[in-house]
Amino acid sequence: MENIKAIIEAMIFSSDQPLAFDKIQDALPEATRAEITGVIDSLNNDYRQRERGIVLMTIAGGYQFRTREDLAPWVKKIKSCRPASLTPAALETLAIVAYRQPIVRAEIERLRGVDVAAPLKTLLEKKLVKILGRKDAPGKPIIYGTTKRFLEVFGLEDLSEMPTLRELRDIDG
Amino acid sequence: METTIAEERPDDTGAIITTGYEVRLDIFQGPLDLLLYLIKKNEIDIYNIPITIITEQYIEYLHKLQSLNLDLAGEYLVLAATLIHIKSRMLLPLEPLPGEEEEDPRRELVEQLIEYQVFKEALLELDKRPLLERDVFKRGCLIEDNLPLPVEDEALEVSLFDLLQAFKKIAASWDKKEVMEIDREKITLAAKMNEVLTLLLKRDGVSMDELLIQGIGKSQILYTFLALLELAKMRLIKIYQAETFGKIRIFATTA
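Protein sequence lines, in the order shown, are assigned to chains A and B.
Read in this note's numbering, the first sequence has 92 at position 92, and its numbers run on one by one without any break.
Read in this note's numbering, the second sequence has 130 at position 130, and its numbers run on one by one without any break.
One should not assume that every hint holds.
Calculated pairs, SDA-like style, for lysine to any residue (alpha carbon to alpha carbon, straight line, at most 25 Å) [said to hold, decoys possible]:
no.	chain 1	residue 1	chain 2	residue 2
1	A	K126	B	A122
2	B	K128	A	T32
3	B	K120	A	E157
4	B	K168	B	T244
Derived from the structure by calculation, the hints contain no laboratory data.
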């Protein structure tokens, strides 16, 4: 296919959500996996090298065009979206869920030393955290984990891409 | 739960600024945060906390908070009790069991503090990332994605949480004046399920609000909701929500 690069670019551009590799593959059954990967790499390079305002990113297992970070001050002027503002308590809770999932509420509370009912509710409402199921333990406590939206908001390809936790060492160093 | 103190953290002398105009309570994220702050301020080695000094300072802090008429959250008092307990154990060490090494009474608290500290740092790292709609943008907006009704099965899911929220909304609007109930209707879940399903098969998509409001009285609404859950479990219906807090629409599965 001659115009496969243009096709894939158009598909990623027009997609509301990060476009999964499999969806591209399904739409282009005649292309090989290697071909598609090659095109995506090439697109990626194009956007980076030509210093365009957008870059191709791998987010939550899919591809998405996003604006360049340094252009935020200007882009903000024309966007009406508000960033998902979270309280420090919600952020702390989110970080603990993200790193320790699957996790039950009692464990989050042990780690934070405070009740987390309110921040947990906020996170559920904002769809950054979801209920994964129930733990097979007395009282069948609910298990929480992060959502795909969490990956989208934090620009992560998957959970393994999260900043690694510092080793437990002296804290006043 | 937001508890703490004046406009700023205390100054270097340890005195709490009480002259602040605005009392902000959310500076410390909890007792562990306060304790970490005291440890840092005193430049203490976390593995060798002088428990007497720290306990004193911690409790002094709580007193000051109380003198400002701030409600102290229970968690702060729990940690105060823990500190005092550790202090007493340091003064009167338990006789170690034969063959066992004496355990540092501070160990558990120190581990908790360090773990907490690690998460606080991880949080800062996460916050440094290019966040969507703060630093970087995609087409449209994350939240108000006005997606058309999904055609595919998994394009959009409604979580149990969403369903309960929608139910709560309806429940909140229940007519509170309804005090008399003369004839207890005889409803069965099975009948309700059939009723809902028949309606859904006749019409192509009904909103959850509409379905629930059709029921007169609490029990009707409850049964409708239970019927929906049951039908969804049996995969006889599909439940969609196009946007956050948007209308929840229900379709019969056309198998």
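Open item on the list: Can you confirm whether the C-alpha distance between K120(B) and E157(A) stays at or below 25 Å?
Closed with: This hinted pair holds, its Cα atoms lying about 22 Å apart.
Open item on the list: Checking one constraint from the list: CA of K126(A) to CA of A122(B), max 25 Å. Satisfied?
Closed with: 21 Å, holds
Open item on the list: Holds or violated: K128(B) and T32(A), Cα atoms, limit 25 Å.
Closed with: 37 Å, violated
- [ ] Take a quick look at whether K168(B) and T244(B) sit within 25 Å of each other, Cα to Cα.
- [x] Status holds; Cα separation ~15 Å.
Checked against the numbered hints given earlier, this structure breaks only hint 2.
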